[in-house]
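What follows is each chain in one-letter form.
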Amino acid sequence: MSILSIEFLLLAAGTLIVYYLLPLKIRWIALLCGSAAFICLSGWHSAAHLTAVALVMWGGGLLLQKHRSRLLLSGLLALDLGAMAFLKYYPVFSGADLLLPVGLSYFTFQSAGYLVDVYRGKTEPQRNPLKAWLFVGYFPQLSQGPISTWKELGGQLLTGHRLEPENIVSGFQLVLWGLFKKMIIADRLVATTAAVLQGGELPGWLILSGTILYAIRLYLDFSGGMDVVRGFSRMAGIELPENFRRPFFSKSVAEYWRRWHITLGAWFRSYLLYPLTTSHAGIALGKAASRIFGKKTGRTVPTALATLIVFLLIGIWHSANWNAVIFGAYFGAVMAVSTLLEQFWKFLQKRLKLPKGGWMTPVRLLRTWLLILIAQYFAFTPDPSTAFSLLGGTFRNWDFSGFAERMGAIMTGQEWIITGAGCMIVLIVDILCERKKDVCGTLARTHFWIRWPVLLLLILAIATFGIYGAGYDPAAFLYTQF
Amino acid sequence: MEGRETALQEQAAQQKARRRKLAGFGVRAVCFTVITALLLSYAGYVFTSKSDYGICSMMTYYRQKPDTVDVLVAGTSMVYAGVNTNILWKEYGIAAYNLCTVEEPFWIAYHTLEEALKTQHPKLILLDAKPATYPADYQKRGRVILNTFGIRDLPVRIRATLASVENPRDALGYVLKLPEVHSAYKTLTWNDFILPPDNEGRGSTWKGFNEADKIDGHRTFDLSFIGARLPINAREEEYVRKIFEMTKEKGIPLMLIGMPCPNYFQDYLYYNTLWSIADEYGIPYINYNLKKYQIGLDYLKDFADWNHMNVNGSVLFTRRLGKDLKEAFDLPDRRGDPAYDSWEECAATWKEQYPNFISSDPEANPLGW
Amino acid sequence: MDEMSRLIAALEEVRDDVDFAAEAHLVEDGILDSLDLTRIIASLDEAFDIHIPAGEIEPENFDTLDAMLEMVRRYRKP
Numbered sequence: 006m007s008i009l010s011i012e013f014l015l016l017a018a019g020t021l022i023v024y025y026l027l028p029l030k031i032r033w034i035a036l037l038c039g040s041a042a043f044i045c046l047s048g049w050h051s052a053a054h055l056t057a058v059a060l061v062m063w064g065g066g067l068l069l070q071k072h073r074s075r076l077l078l079s080g081l082l083a084l085d086l087g088a089m090a091f092l093k094y095y096p097v098f099s100g101a102d103l104l105l106p107v108g109l110s111y112f113t114f115q116s117a118g119y120l121v122d123v124y125r126g127k128t129e130p131q132r133n134p135l136k137a138w139l140f141v142g143y144f145p146q147l148s149q150g151p152i153s154t155w156k157e158l159g160g161q162l163l164t165g166h167r168l169e170p171e172n173i174v175s176g177f178q179l180v181l182w183g184l185f186k187k188m189i190i191a192d193r194l195v196a197t198t199a200a201v202l203q204g205g206e207l208p209g210w211l212i213l214s215g216t217i218l219y220a221i222r223l224y225l226d227f228s229g230g231m232d233v234v235r236g237f238s239r240m241a242g243i244e245l246p247e248n249f250r251r252p253f254f255s256k257s258v259a260e261y262w263r264r265w266h267i268t269l270g271a272w273f274r275s276y277l278l279y280p281l282t283t284s285h286a287g288i289a290l291g292k293a294a295s296r297i298f299g300k301k302t303g304r305t306v307p308t309a310l311a312t313l314i315v316f317l318l319i320g321i322w323h324s325a326n327w328n329a330v331i332f333g334a335y336f337g338a339v340m341a342v343s344t345l346l347e348q349f350w351k352f353l354q355k356r357l358k359l360p361k362g363g364w365m366t367p368v369r370l371l372r373t374w375l376l377i378l379i380a381q382y383f384a385f386t387p388d389p390s391t392a393f394s395l396l397g398g399t400f401r402n403w404d405f406s407g408f409a410e411r412m413g414a415i416m417t418g419q420e421w422i423i424t425g426a427g428c429m430i431v432l433i434v435d436i437l438c439e440r441k442k443d444v445c446g447t448l449a450r451t452h453f454w455i456r457w458p459v460l461l462l463l464i465l466a467i468a469t470f471g472i473y474g475a476g477y478d479p480a481a482f483l484y485t486q487f
Numbered sequence: 032m033e034g035r036e037t038a039l040q041e042q043a044a045q046q047k048a049r050r051r052k053l054a055g056f057g058v059r060a061v062c063f064t065v066i067t068a069l070l071l072s073y074a075g076y077v078f079t080s081k082s083d084y085g086i087c088s089m090m091t092y093y094r095q096k097p098d099t100v101d102v103l104v105a106g107t108s109m110v111y112a113g114v115n116t117n118i119l120w121k122e123y124g125i126a127a128y129n130l131c132t133v134e135e136p137f138w139i140a141y142h143t144l145e146e147a148l149k150t151q152h153p154k155l156i157l158l159d160a161k162p163a164t165y166p167a168d169y170q171k172r173g174r175v176i177l178n179t180f181g182i183r184d185l186p187v188r189i190r191a192t193l194a195s196v197e198n199p200r201d202a203l204g205y206v207l208k209l210p211e212v213h214s215a216y217k218t219l220t221w222n223d224f225i226l227p228p229d230n231e232g233r234g235s236t237w238k239g240f241n242e243a244d245k246i247d248g249h250r251t252f253d254l255s256f257i258g259a260r261l262p263i264n265a266r267e268e269e270y271v272r273k274i275f276e277m278t279k280e281k282g283i284p285l286m287l288i289g290m291p292c293p294n295y296f297q298d299y300l301y302y303n304t305l306w307s308i309a310d311e312y313g314i315p316y317i318n319y320n321l322k323k324y325q326i327g328l329d330y331l332k333d334f335a336d337w338n339h340m341n342v343n344g345s346v347l348f349t350r351r352l353g354k355d356l357k358e359a360f361d362l363p364d365r366r367g368d369p370a371y372d373s374w375e376e377c378a379a380t381w382k383e384q385y386p387n388f389i390s391s392d393p394e395a396n397p398l399g400w
Numbered sequence: 453m454d455e456m457s458r459l460i461a462a463l464e465e466v467r468d469d470v471d472f473a474a475e476a477h478l479v480e481d482g483i484l485d486s487l488d489l490t491r492i493i494a495s496l497d498e499a500f501d502i503h504i505p506a507g508e509i510e511p512e513n514f515d516t517l518d519a520m521l522e523m524v525r526r527y528r529k530p
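Protein chains in written order, with the numbering used here: chain W, 6 to 487; chain S, 32 to 400; chain H, 453 to 530.
Each hint should be verified, as a subset may be incorrect.
What the hints assert, rightly or not - Dumping the calculated EDC-like pairs for lysine to aspartate or glutamate here, alpha-carbon to alpha-carbon at most 16 Å:
1) K156/W / E464/H
2) K301/W / E465/H
3) K361/W / D469/H
4) K355/W / D469/H
5) K300/W / D481/H
6) K273/S / D310/S
7) K256/W / E347/W
8) K52/S / E169/W
9) K351/W / E465/H
10) K300/W / E464/H
11) K300/W / D468/H
12) K256/W / D485/H
13) K441/W / D481/H
14) K245/S / D329/S
15) K279/S / D329/S
16) K136/W / E169/W
17) K351/W / D468/H
18) K292/W / D497/H
19) K351/W / D497/H
20) K300/W / E498/H
21) K351/W / D488/H
22) K217/S / E439/W
23) K256/W / E439/W
24) K301/W / D485/H
25) K81/S / D223/S
26) K149/S / E280/S
27) K301/W / D468/H
28) K52/S / E171/W
29) K301/W / E464/H
30) K292/W / E498/H
31) K281/S / E145/S
These are computed hints drawn from the structure, not numbers from a lab.
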């Protein structure tokens, strides 16, 4: 069930209504029923797999509390993650067609994180299997995340929340904003990627703009979906963690990965990166490297190596093809190198008296954008050869003579204006938010006669310009099939 | 003790304040929802095409004074192009209204009639026989179902939509209107925003007559001697029977009408089946394709295409139709009755335009009024 | 050298540009990033001969100097 569909809207609305009708203590049951309905409507294989994972998590948590055994934890994780890996990657190697459960990667990671947290003593295991199931199956987060820890989410799900008008308003606004980004802009930009992939001798400027627009489209699509999910949850009084924090304002690739798909990065950091770098082997490696390169650089070596491994896995997590491997390896290498060279950069900065802000900021932004842009070539192409040929093609044939025709072939002028205007609006709002102006909160708290016209305009814009209904196949959310 | 009392009082005051806050919010939420619904409903109207797809015909129908329409003409574009309501009015005093839409299958005609009979009690319903020739169980996506957008009564419109779609889930897009028509933002004009719709300047006195203003020569064949039949589409048959039953129940006379058209040599086999179904119910019918009616139509000059009569054709045809209706049915002459001023105005406006039509022939067929 | 001074020295080995005593949200405000935290753990390992597991890398344990001292004390072998 797509987050954009009328079924999801009805299910979410219905769940909300029942939620606030129930007495406080059992409001979580409304969420449970809504989630059960969602997963059943998504297919029996989804329901079965999710329930199995939830039961393993519930039982495993209770067992781990009694027997804090590394072996037990490893076994449980192998089961969880192994099942996910099998379903995701076996079809690639055998050619078989396996139906992927909805949100497989997301709920598997979330339950694996819970098990590790119980083992570490950070979380008390949940005794009630239904409550444990809700943590795994909470339906808004199934399709694309965010991935939460029990500490962040568990309590919120189970505590009944009082009806707070500000939550309803703020959440509703967020849903509209997400729909605006996804339905009006992101879905319109699908045509641009298709234009680049059509093959043939394409002018360099077309390939470049298509790739840039792909990055923008991915951001709007994914963050739009997140806004819808977070908005609905907020209407029930549940604050899901942010997954995007205006990633194109990053001044370094490291910062980018703290602003893009935040919860995925956080999960890998907590459960893979830190365990690797703080393990005995990691510390030993650091000590050995310190003897060669000095303490400041030597101690970065374990992190650099672990980062490489983590990003390779993040790449493969997206899909099991060579492009994903290259994508992961590329970012891993960039991050590892920047980690190792951190001291060197600091030295250069002091020596050349480079300012921390000022003109260095646009330089840093540009450098980051360039590095991210290169990776995009491997994100939207089907295989490395296409990616490399497009990368090469970007530098050739900058002939603008067919500009109007080519642009016209992708979309009409009117559609370009709508896309451009939409992007401008998102840019302005993002800039305001980056400057710490709480746009959403201010709108939610202002007088209704200021807020209503804004919301009505948004609704009208989505209803008019949104890509939905007759003749359109709404481009499926890009991150749902992971 | 006192401390506890103050605490309880505070709690009560807090609860009261909260209840007031929630009540205020509830009222605002309901208002916002209502405003949104109205706005989106208006948007749905704006995006719906105001052309011969039927929305203008239905919307203008509602603006007729109740219980004034004596002859209600239902069916496809063949009837709205061929039955000239102005001739019927001016030359026979018959107050007719063409409630027709393009390619209207019997299931949409049925629900449209169901709705139409709530505000009018005509003395006669004329039903186009052409849908008997339509082979499809369901029309393909798009325009035909847009015909239902003019129906005001939501349950009737939902039933009409459900009858028109193969998969009930598809009905939702049509019932909500916006999913089907919102992409019309690309081609909006000022005319789309005004209520009621103007339908190319025809105004609110319009009685549903849509001129097909072209001249396209055709040949025809006289097939009145052939009694062979082909079965008509099962759904068309199901709904035409429903129409027959509904009019019988309401005690309104219904007559089937076979409009003259060059395509008749392909259609007649289906018409023959329709006539035999009509016979089961005792419903009269009249097939104007038969030579015996001597309408005087010149198939080289009086048609706009394979199916529709042009303006001259409509004048000739309707003169004959009016005579036949007056003879067969007890239809009052409403000329001079002030309640029927809108028919007078409509005819007067149309008379002024008559010489300007490409396919009119003022010399051969002067209006004389 | 008492514990606090040893701790500060170990921290300044990693970041000499941060005034650890003055800050109250070293992790939450993003002053220390993941690389810093990893190097701090390596540094604490050397300075106090303690092994801090990955599970302890939480804002609660690293946001203030006092929190870090408390964590070090927990892991020091008696």
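We went through each hint and held it up to the structure:
no.	hint	verdict
1	K156/W / E464/H	violated (32 Å)
2	K301/W / E465/H	holds (8 Å)
3	K361/W / D469/H	holds (14 Å)
4	K355/W / D469/H	holds (13 Å)
5	K300/W / D481/H	violated (26 Å)
6	K273/S / D310/S	holds (15 Å)
7	K256/W / E347/W	holds (14 Å)
8	K52/S / E169/W	holds (9 Å)
9	K351/W / E465/H	holds (15 Å)
10	K300/W / E464/H	holds (12 Å)
11	K300/W / D468/H	holds (13 Å)
12	K256/W / D485/H	holds (15 Å)
13	K441/W / D481/H	holds (14 Å)
14	K245/S / D329/S	holds (14 Å)
15	K279/S / D329/S	violated (37 Å)
16	K136/W / E169/W	violated (24 Å)
17	K351/W / D468/H	holds (12 Å)
18	K292/W / D497/H	holds (10 Å)
19	K351/W / D497/H	violated (25 Å)
20	K300/W / E498/H	holds (11 Å)
21	K351/W / D488/H	holds (14 Å)
22	K217/S / E439/W	violated (35 Å)
23	K256/W / E439/W	holds (13 Å)
24	K301/W / D485/H	holds (15 Å)
25	K81/S / D223/S	holds (7 Å)
26	K149/S / E280/S	holds (14 Å)
27	K301/W / D468/H	holds (11 Å)
28	K52/S / E171/W	holds (11 Å)
29	K301/W / E464/H	holds (11 Å)
30	K292/W / E498/H	holds (9 Å)
31	K281/S / E145/S	holds (10 Å)
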